[in-house]
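Given next are the chains, with one letter for each unit.
2 protein chains.
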Amino acid sequence: MPAILPGETDIYAVTDARLSLGRPLAFVAETLLNAGVRILQYREKNLKAGKMLEECRLLRGLTRESGACFIVNDHIDIALLAEADGVHIGQEDLPVAEARRLVGPKMLIGLSTHDPGQARAAKAAGADYIGVGPIFATQTKEDAVAPVGCGYLDWVARNMDMPFVAIGGIKEHNIAEVARRGARCCALVSELVGARDIAAKVAAVRAAMRQAL
Amino acid sequence: MPAILPGETDIYAVTDARLSLGRPLAFVAETLLNAGVRILQYREKNLKAGKMLEECRLLRGLTRESGACFIVNDHIDIALLAEADGVHIGQEDLPVAEARRLVGPKMLIGLSTHDPGQARAAKAAGADYIGVGPIFATQTKEDAVAPVGCGYLDWVARNMDMPFVAIGGIKEHNIAEVARRGARCCALVSELVGARDIAAKVAAVRAAMRQAL
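These protein sequence lines are chains A and B, in that order. If you want my numbering, it's the 1-based position in the first sequence plus 321. If you want my numbering, it's the 1-based position in the second sequence plus 321.
Honestly, I wouldn't trust all of these hints.
As the list claims (entries may be wrong) - Some chain B residues near chain A, calculated using beta-carbon distances under 10 Å:
hint : residue
1    : His396
2    : Ala420
3    : Arg422
4    : Val469
5    : Asp518
What the hints assert, rightly or not - Computed list of lysine to aspartate or glutamate pairs in EDC-like fashion (alpha-carbon distance at most 20 Å, straight line):
hint : chain 1 : residue 1 : chain 2 : residue 2
6    : A       : Lys372    : B       : Glu419
7    : A       : Lys369    : B       : Glu404
8    : A       : Lys366    : B       : Glu413
9    : B       : Lys372    : A       : Glu419
10   : A       : Lys366    : B       : Asp475
11   : A       : Lys369    : B       : Glu419
12   : B       : Lys372    : B       : Glu404
13   : A       : Lys366    : A       : Glu386
14   : B       : Lys444    : B       : Glu404
15   : B       : Lys366    : A       : Glu404
16   : A       : Lys369    : B       : Glu413
17   : B       : Lys372    : A       : Glu375
18   : A       : Lys372    : B       : Asp395
19   : B       : Lys369    : A       : Asp395
20   : A       : Lys369    : B       : Asp475
21   : A       : Lys366    : B       : Glu404
Derived from the structure by calculation, the hints contain no laboratory data. Don't be surprised by glycine CBs; every beta carbon is placed ideally from N, CA and C.
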């Protein structure tokens, strides 16, 4: 099981075909991985399950080759069939304890959280890591909740003894602030898959993050 | 494992909250089951998985009490957690062989089919029954394919040695024709859950179906 959070700082790339400037998923994923991304989440909405499984198997192959961690958003059945390292779910998806019954003890379960109560509940329910956000406003998720700003991130960094991933509107220009507040892992969607030069953007984002520490 | 198709004729009720005239799912399901429905499928779109699991557990309880067969549409993870008798999938969902890996040998797998090639492939892949349709035009499914009319139903009745369920636009006024063409099991959505008097509609539909044979 690859660690979701290596000791060093890292970025967590999330796919979104609608933001990828028409480039094929295989190209986007390979470019991210070749640029050194170690955690890749497949998050696609409005696709049928058959197509999602195909795409996840493609990403599973690529992440396995490069030794990266592969997470599937929402779809536990597809995560299982694609032999993903983890599944990421939201507050209104299946409860963590139910998801655990399906995925067994080894698959990582990540849960999006938006306030301290949800963070504590996630840990108690056995989540392996939590998403913390949205840090900033984002247009990427249609059903995104209002940004919780950096206050919640500060609280998590000080109070939660578990891996967490900051997410929501994180870009090259603001990732330093997020890192300084204690986030060792930052998830980015449009900033990476929507970049004209994905490899250059990965390098710039990582540099900005590391410089902040 | 309840038989999906008892020897006698039967109707297969499918839920749809949007068509249920604002009545709660528990009321609709109990009324259907008390009226003698022996096969109930949960099919709700646009709900989050957590809510779906709750509703499926409710229906699992009710169907177990009444000895009815309970099928979940699309969501294999929820079908597993709710201990449904079966899962019903479409051509663009996970392939039957992949679904079987998740649900094991006992859970029924139903597959929607629209032409002879799909019917033969469903049987070869190990589907337990096939949906045959849409027989007539229907507004119930947003992504419904064009009606295949009674021609495909005739072909299935003559050529396929496996359980099948006719579906798509079947109403009290046309179910006799479907039954005469060889359908022993007919699925109805809006005609049942959208009826002002659900119990009376179930009785009328069954009478029309039986009279045709």
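- Message: Does B:Glu413 sit within 20 Å of A:Lys369, going by the straight-line distance between their CA atoms?
- Response: Holds. A:Lys369 to B:Glu413 sits at ~6 Å (cutoff 20 Å).
- Grab the minimum C-beta distance from B:Val469 to chain A and call the hint holds if it beats 10 Å, violated otherwise. 20 Å, violated
- Taking only the CA atoms, is the gap from A:Lys372 to B:Glu419 under or equal to 20 Å? 13 Å, holds
- Under the criterion that the straight-line Cα-Cα distance not exceed 20 Å, is the pair A:Lys366, B:Glu413 satisfied? Between A:Lys366 and B:Glu413 the Cα gap is close to 14 Å, so the pair holds against 20 Å.
- Does A:Glu386 lie within 20 Å of A:Lys366 when you go C-alpha to C-alpha? 26 Å, violated
- Proposed proximity, B:Glu404 with B:Lys372 (alpha carbon, max 20 Å): 16 Å, holds
- Message: A closest beta-carbon separation below 10 Å is what the hint needs, so does B:His396 meet it against chain A?
- Response: 8 Å, holds
- Taking only the CA atoms, is the gap from A:Lys369 to B:Glu404 under or equal to 20 Å? Given pair A:Lys369, B:Glu404 is violated - Cα atoms ~24 Å apart, limit 20 Å.
- B:Lys366 paired with A:Glu404 [C-alpha distance capped at 20 Å]: 27 Å, violated
- Item | Status of the B:Asp518 interface restraint (C-beta, 10 Å, chain A) | Where the cut-off is 10 Å and the nearest Cβ of chain A is about 34 Å from B:Asp518, the hint is violated.
- Compare the distance between the alpha carbons of B:Lys369 and A:Asp395 with 20 Å, and conclude whether the hinted pair is satisfied. Roughly 10 Å separates the two Cα atoms, so the pair holds.
- Task: For the pair we were handed, B:Lys372 and A:Glu419, check the Cα-Cα distance against 20 Å.
- Result: 13 Å, holds
Against the hints set out earlier in the document, violations occur for numbers 4, 5, 7, 10, 13, 14, 15, 17, 20, 21.
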